[in-house]
Amino acid sequence: MAKDKFGRELYDVICSECGQKTQVPFKPTEGRPVYCRECYRRHKPRRRY
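Counting in the numbering used here, the sequence shown runs from -11 upward without gaps.
These aren't lab readings, by the way, just hints derived from the structure by calculation. Backbone N, C-alpha and C fix where the C-beta goes; we use that ideal spot for every residue, glycine too. Every clue listed holds true.
Pair by pair, the computed Cβ-Cβ distance ranges are:
{"no.": "1", "residue 1": "G(-5)", "residue 2": "Y37", "range": "29 to 35 Å"}
{"no.": "2", "residue 1": "K9", "residue 2": "R30", "range": "14 to 20 Å"}
{"no.": "3", "residue 1": "R36", "residue 2": "K9", "range": "29 to 35 Å"}
{"no.": "4", "residue 1": "Y37", "residue 2": "D0", "range": "31 to 37 Å"}
{"no.": "5", "residue 1": "Y37", "residue 2": "Q11", "range": "28 to 34 Å"}
{"no.": "6", "residue 1": "P33", "residue 2": "D(-8)", "range": "21 to 27 Å"}
{"no.": "7", "residue 1": "M(-11)", "residue 2": "P21", "range": "19 to 25 Å"}
{"no.": "8", "residue 1": "L(-2)", "residue 2": "R29", "range": "16 to 22 Å"}
All chains should be modelled from the sequences, with the hints used to inform the complete structure.
This is the structure:
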């Protein structure tokens, strides 16, 4: 299993939206979507100040 620059284990996943292969620093939970970096930006809540 690969590790990122901080030493965290990376998990290979397929983006739930676009189908692209990507890696995430957490173990995915079954039944919950996982997104690549680009799709995550579109799904994350906007910050309110």
